[in-house]
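J.: Chain residues, written in single-letter form:
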Amino acid sequence: MYPAIIEDYVRPTSVDEALKAAGKYEAGEAMFLAGGQSLMQAVKSRLVRPRCVIDLQALKELKGVSAGGGGIRIGAMTRYVEIMSDPNLKTAYGALADAAEHVGDRQVRNRGTIGGSLCWNYVAACMPAANLAVGSSMELLSATGKKRAVMVDDFIKGPLETARADDEVLLAVTLPAAPAKAGSAYKKWGVVTDALPVIGVAVYLELDGGGAIAKARLAVGGLATGPKRAKGAEAALAGKKAGDPGLAAALDKAASEIETQSDHWADSTYRKNLIRTLGADVLASAFARAAGK
Amino acid sequence: MNKTVKITINGEIFEQSVPIRLLLSDFIREVAGLTGTHISCTYEGVCGACTVQLDGAAVKSCLMLATQADGHEVTTVEGLAKDGKLSPLQQAFNDHHALQCGFCTPGILMNMDEFLKKHPNPSDDEIRTGLIGNLCRCTGYAHIVDAVRDAAKRTR
Ligand SMILES: Cc1cc2nc3c(=O)[nH]c(=O)nc-3n(C[C@H](O)[C@H](O)[C@H](O)COP(=O)(O)OP(=O)(O)OC[C@H]3O[C@@H](n4cnc5c(N)ncnc54)[C@H](O)[C@@H]3O)c2cc1C
Ligand code: FES
Ligand code: FES
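First to last, the protein sequences are chains B and Y.
So the first sequence is residues 1 to 293, counted in the working numbering.
So the second sequence is residues 1 to 156, counted in the working numbering.
None of these hints come from the bench; they were simulated from the model.
These figures come from a predicted structure and were not determined experimentally.
Cβ atoms here follow ideal geometry from the backbone N, Cα and C, with glycine treated the same way.
Be careful, since some hints might not be right.
As the list claims (entries may be wrong) - With the Cβ distance kept under 10 Å, some of the chain B side facing chain Y (calculated, not the full set):
1) I6
2) G36
3) M40
4) V43
5) S45
6) L47
7) V53
8) G104
9) R106
10) V108
Next up, chain Y with everything else stripped away, as it sits in the complex (with noise of 0.2 Å):
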């Protein structure tokens, strides 16, 4: 019913005995008390606002047992700043007003973050559908795409 799993979020080791059943999301909420990784589809997988980095691939920690992420590196939206500096995509968010309510914000770092690094170059287009798995319910998501393309300036 329980296992013991070992699990490294940002830079950090967790090793903690948990119910099979835990999910990952929750594991990074409650167990390891990171609360920036948010929960907003009641855990269907549909909303993307759960995303988080495993090995650095964006996932949905919602649908992942927490077990399944034994031994492995796990990135929350608490380990893109280094050092008190927001990253460049951070940053971005911030300069263009990329929120409103902010609840969706987490995920959508998490998953631009990593295809930031497949696509340094990215066509509107190509930021619009990378973003398919995210919803927004505030922003109508232009001042993202703005967001995402100007950090992609920056970090280039």
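So here's chain B without its partners, still in its complex pose (with noise of 0.2 Å):
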């Protein structure tokens, strides 16, 4: 596998300069190139054969994580690397430091970053369904100076689709300042430590003052129609508390509403037995975080 011809490579310094170079070239000859571990590999099988690439790596306001009144914002050209260990990331959007932390392998993590894997949005993707747990909005630039934010759940399409527009570059992924007591936690299963999951489990849950379950999202990954939520499962989770037998019925719920794939890997109910199970760990885990343990 080896890139076909490029025929122009830039660096631009700034936002505008990248998406007026965007704007020299029909929609979809120019690609952005973030960490490059998904694009590489596609320009090398020649799935997509870009006429120039621009590189963002020099966008220093599209890099890192940043906490205010608001809420968090992570720059879209933040890395996994940076991602898993950062302070703000732990309880409430525990589930994207999750995810993060067992992307691939250590070198994938030290170039990856949130935006790339949300933009091209692979089936078995793990930052696609922890953003719909969570519920994160994507901040978008066009070319024509139109700014505009997109909820998570509109922003993820179908496989390897987005409502990104080819002329539109992600700044950021903001996320609302999260009320006291709210957790959420991610895991995955593949056929190899940390390899892209089989079947992928997000759940973001707030706590009500006496510890149930007042608002919960639950997302799948591993899908080969594109990460979903599972909604029935979501209002089954509502007044629960940790340890109730309900949030096992609930997690049932999920397992039959989404719909599963057999391929090589996984027949269909193997995966919605790994919807169960991955389900009650993060349940766990999203549980402890919420209520600061």
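Dock chain to chain to rebuild the complex, using the hints, since each chain is given by itself in its own frame.
T.: What follows is the structure in structure tokens.
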């Protein structure tokens, strides 16, 4: 596998410059390059053949995690290695750190970015499912200077599809200020440790004063049709406390409402079992994080 | 189609006009002539043999264009020994017979060299997890883990 000829490479020092460079080409002919951990494979296998590569590495405003009164902002170019150890992503948004910590291997985590994963939206990717659970929002800027915010539910489409237009750059992933008692977690199972998930499950919980679930979001990745929320299960989780037998029933609901495929990694029934067992683990972690344990 | 890049490899500057599609792994091997960086998975990014350090971080050089490294510092396995003396990690690999054919070794050394800077006192679990990105078809990893553990001790 080797890349086909690439006509131009640019390394803009501002987002405007990056968008201008993209504007010189027909849609899809210029591609943004973040960590390259998906794009380079795609370029080498010639799944995509960009005429121009726009390397985002010098855009400082796209890097790093910042937290303020309004919530948390994760720059699109923030690498997994930074996300997995960020102090702001331990409790309410711990699912993002869980996902980052187990992506591939150290070398991939040293390069791969949250923005790249979300914009690529590979079927078995971890970040899309984790973001669906925590309910993040995508901040996009287009070549015409239009800025828009898109909720993750609307951003993530089918496999390798998102709501991002070819001439839009993802600036950041934003999260609302978390309520006091909120926790989330993500866990996956793959054929070898930290492999692309056969199934990945993420859950976000907000607890009321008595420790019962006030709000839940549960998302599953590793599905042929792309990551999905299990909304029936979310409704069934409401009002339940840690240890309640109703939690298992809610996970049964998730396993039945989510359509799973059979392939050479696992059959459909096995995938449904994974939704239950991984679901129980992430619920336990999310409860503990929400309770500050 | 071509770009002039300036990449510092093991302290030496290499400046050359190269095709944009040239991978960093090939720049290292063919332009700089440093063949210690190996290619073993036909550039799929899954074997780790091509691991080098980019500004100190372990990365797979077959998943990068050489132009991405323009202006950056790369360290390859040839850069580990200083004044003809093996680094403690290299010496530990030698002492523990942590290689057989040796094809995977440069990539493992470049990954573990950075790993030990971040984890000066690693558990065996941490070492094994740290090695996920490097395939070794010969050793079964046991001696590699021994060597990394011992190198940590020697470096502390
Ligand atoms: C060996 C290996 C193992 C892996 N294992 C896992 C795993 O277990 N779980 C997992 O989830 N993933 C895994 N991955 C994929 C990895 O997570 C990728 O890093 C990630 O999918 C892409 O992020 P990137 O920064 O490398 O983006 P790139 O590959 O550079 O880009 C991906 C796509 O997003 C676009 N893009 C990137 N940034 C922006 C932006 N800011 N605005 C607009 N468009 C943008 C690019 O144009 C491209 O189309 C693995 C990869 C490898 C090589
Ligand atoms: S040759 Fe780069 S990972 Fe295999
Ligand atoms: S020693 Fe032969 S592949 Fe590792």
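J.: It remains to establish, for every hint, whether it holds in the given structure.
T.: To see whether the hints hold, each was checked on the structure:
Annotation: I6(B) was flagged as interfacial toward chain Y, and the flag holds, the nearest CB pair being 4 Å apart, inside 10 Å. Evaluation of the G36(B) hint against chain Y yields a held restraint, the C-beta minimum of about 6 Å falling below 10 Å. Interface hint status for M40(B): upheld, as the beta-carbon distance to the closest one in chain Y is roughly 5 Å, under 10 Å. This hint holds: V43(B) has a C-beta 8 Å from the nearest C-beta of chain Y, less than the 10 Å allowed.
For S45(B), the interface hint holds, the least distance from its beta-carbon to any beta-carbon of chain Y being 8 Å, beneath 10 Å. A least Cβ separation of about 13 Å between L47(B) and chain Y goes past the 10 Å threshold, and the interface hint is therefore violated. Because the beta carbon of V53(B) sits about 7 Å from the nearest beta carbon in chain Y, less than 10 Å, this interface hint is met. The interface hint given for G104(B) is met, as the beta carbon of that residue sits about 7 Å from the closest beta carbon of chain Y, less than 10 Å.
Using the Cβ-Cβ criterion of 10 Å, the hint placing R106(B) at the interface with chain Y is satisfied: the shortest such distance is roughly 6 Å. Taking 10 Å as the C-beta cut-off, the interface hint given for V108(B) holds, the closest approach to chain Y being about 7 Å.
Hint 6 from the list above is the single one not met by this structure.
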